[in-house]
Amino acid sequence: MMDKMVSTSLDSSLMDKENIPTRDILIQRARAMWPTLLERSEECEKNRRVSDETISDFRNAGFFRMGVPKKYGGYEMDYDVLCEVIIEIAHVCASSA
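The opening position of the sequence shown corresponds to residue 21 in our numbering, with each subsequent residue numbered one higher.
It is worth saying that the hints were derived from the structure and are not from the lab.
Nothing here was measured: the structure is a model prediction, and the numbers come from that model.
What you were told as hints is all true, and nothing was included just to trick you.
Label-pair restraints from in silico Cβ distances:
id	residue 1	residue 2	range
1	Lys-66	Asp-98	28 to 36 Å
2	Tyr-92	Asn-67	25 to 33 Å
3	Asp-44	Ala-110	13 to 21 Å
4	Cys-103	Arg-68	22 to 30 Å
5	Asn-39	Asp-98	13 to 21 Å
Just so it is clear, CB atoms sit at the ideal spot from N, CA and C, and this is done for glycine as well.
Produce the complete structure using the sequences and hints provided.
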């Protein structure tokens, strides 16, 4: 477990400050996940947890980097962007949001 955390924190792609998506792109990514999240919503409720696949999808979309400062490899987005993305996800799966 610790090895995975270390390798993720040292991932060079996390330090790419030039490739920060805009608010609109992050919202588009959330909307693009609607069909998949809708398919997984029943399983999410049944298992009482968000699936590993959904967590991976969120990571790949950059959602976990929205509130992280740029100096730590994040996007340093304002909280309103984070809230908008959460709202988009909540349209189809409140548990995942």
